[in-house]
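2 protein chains.
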Amino acid sequence: MSTLSAATLAAQAAKAAKAVAHLSTEQKNYVLQSMANAIRSATPAILTANSAELEQAKANNTSAAMLDRLTLTPERIESMAQAIEQIIQLPDPVGSKRFIEERPNGIRIEKRRIPLGVICMIYEARPNVTADAGALCFKSGNAVILRCGREAIQTSLAIANAMHQALAEHQLPQEVVTIVPDPDRQLMLDLIQQDQFIDLVIPRGGEGLIRFVTDNSRVPVIQHFKGVCHLYVDQSADLNMALELLLNGKVQRPGVCNALECLLVNQHQAADFLPMVAEAFRAHQVKVHACERSISHFDGAEPIAAADYGQEYLAPEIAIRVVDDLDAAMAHIDQFGSYHTEVICTQDQASADTFINQVDAAVVMHNASSRFSDGGELGLGAEIGISTSKLHAYGPMGLEALTTERFVVSGQGQTR
Amino acid sequence: MSTLSAATLAAQAAKAAKAVAHLSTEQKNYVLQSMANAIRSATPAILTANSAELEQAKANNTSAAMLDRLTLTPERIESMAQAIEQIIQLPDPVGSKRFIEERPNGIRIEKRRIPLGVICMIYEARPNVTADAGALCFKSGNAVILRCGREAIQTSLAIANAMHQALAEHQLPQEVVTIVPDPDRQLMLDLIQQDQFIDLVIPRGGEGLIRFVTDNSRVPVIQHFKGVCHLYVDQSADLNMALELLLNGKVQRPGVCNALECLLVNQHQAADFLPMVAEAFRAHQVKVHACERSISHFDGAEPIAAADYGQEYLAPEIAIRVVDDLDAAMAHIDQFGSYHTEVICTQDQASADTFINQVDAAVVMHNASSRFSDGGELGLGAEIGISTSKLHAYGPMGLEALTTERFVVSGQGQTR
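First to last, the protein sequences are chains A and B.
Using the UniProt record's numbering, the letters of the first sequence correspond one by one to residues 1 to 416.
Using the UniProt record's numbering, the letters of the second sequence correspond one by one to residues 1 to 416.
Same chains, same label: a pair holds when it works inside one copy or across any pair of copies.
Only pairs whose alpha carbons sit at most 25 Å apart, straight line, appear in this in silico SDA-like list of lysine to any residue:
1) Lys226 - Glu110
2) Lys18 - Arg112
3) Lys226 - Glu207
4) Lys111 - His392
5) Lys111 - Glu400
6) Lys15 - Gly95
7) Lys97 - Gly381
8) Lys15 - Gln335
9) Lys111 - Asp92
10) Lys287 - Gly413
11) Lys97 - Glu405
12) Lys18 - Phe336
13) Lys111 - Gly381
14) Lys226 - Glu400
15) Lys18 - Leu4
16) Lys111 - Thr354
To be clear, the hints were calculated from the coordinates, so they are not data collected in a lab.
The task is simple: from the sequences and hints, build the whole structure.
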């Protein structure tokens, strides 16, 4: 594919987008069911492509974590198909109407939701994202350009082949789901210059990838750099509840962006709460980086270092700081937070309200686990990404975030 | 100001933004009234600064149009103050709550509207934008960095001085409304790299400026390149209505982005409608660029050239094309439209619905003038800009477009 040009890829996707923008919900759901069926039928072909890539990845000394993400099994392929069937059940945001007003001159103003057009997903070696993002973009009436990590391209192409069969059955162009078949970085760079054809870029992966895309894209980018989530245990917290939120946030699945990375404890709770924390973390083998006001409670804890605040450990490891009061907790989050998810545990509604109103984060929780900061848990049905910048979407993004609203004005010949 | 750094300006604005984000609507309205009063009181100082800049601009052979935009009079300053008083009357989007759902596990999810943070406006020599954008950003809880054209900096500083007095009266930092006092292009370039501090850039001006800002910004940009608005006169149009919409769109104020630039006429209406158009355009001295199917109706019309389609004349000048049918009209708009405003004149609801659903534009009108495509006319109360790209906002942007929604989750200790 040496002659492959980003402009051609993008222009073809933009053309294909027009073919899906005006499909009815029913039509889109039929196609999605065909996609799920086709992926199931293609299980042998997908596994063959995947085995070859796994072998290659092992030969390249790929990390165990990446090998796990890359690995498909018949069960994982079935999950992919089921995920598409769940997307069929989601409400279609496209076409929804919102009456604004009838002006004194009689013109009637409403807003109607339309697809964005072409979404470009840039992600690492996760073949399931290919099916998932392809289906979510399709359900919201968009075309998608999928640029996955080089380790998973053949597996992604096998999955996309199945989706293309489904598109062809319904006389839709295969460019509705476009896989970039070449991992060349220059091609990616060219792709994110195509603001004439591409409406949104969603990078998913490490901070370096997201920074590279943001710095070089002409197309608007949804950014999700990292999740450094704090739990603040207030003076009026229920300490048993606080301990449950802490353990759930740190231990249940430490490698995800909505896991807790820092515990802030009100000074009046420190003497009671920190021994409870120390015992639980010993049992769960959580490594502690403790401030000087808390370290005496933790045997073998590391004294806090400058880099520990704001650190995304993604591991059973946490920073702990005792703070004077709510204001000090909010000042800490202001300095070290990542605009992702922040939690307060308190029985005092006034403290909760202050925290909710003043902390700058996409998701603010009161007496609930940071682990709920997820499209599925927040009722979006599915998640295409999480935005930690405020434009367009802030927080977990569902189907609606892949659409926009336009004005529709109806009159009887009115002029100004 | 040789030591002025973009990072310092932006960091100070970001700090100031925190001081306004949590003000109540009442507090913000008090400050806005003080701003209006202070601008009225500062009329002599503003006029002095403006006279000096006008003299300088005349010495530099500035165009008459720009001189007019630059010129302030006591009446224009009074209008500025009144515009701020109108902004007081607008509903405050910040803090509005939207219940999403209570999940089966009992957590309660809502969305609450918050300010974006820091808005950077980049505009040409229009001193009124200083007051207007300053007040709109303030009302929506944001700080603003105003970078106006070099010809109007002293006038803008005089206006901002008055606004700063009002801020000081209410113990608010003057960086809430920051004027970039140096027209240096490198400083602007540095400013739009400050994505750590600035949340949104809104360039208002020529296509070159907007392209420059889009190509070089790390901060998300709201783009409004141009308005190439079409009127399609359908087979079932009321021709008297069509003529009124045409004249209003082309003649009432040709220099604005929601003026009509191209008339598309259904072939079955051409013989009846084009003579009406020819007569009216003769009376209003509108220059016509006509396609080969329409030129016989227009004495002295220019034959259409390739560049005429998609041209933003911003003058009493128009392109005219006869098209076979609705599909041909939509294909024309698809090729030459600018995603701004498109109008269909028809008595046939099915044609109107097809046009509304399929034409890609921020504002689609049925039997109403393109000139209504404006924040005020569409009920937004005021307009900070018009977006012709789909992310975040599409079409005229009011106060709500200067805010975003975050998730707020309340529980009783729920975990996953």
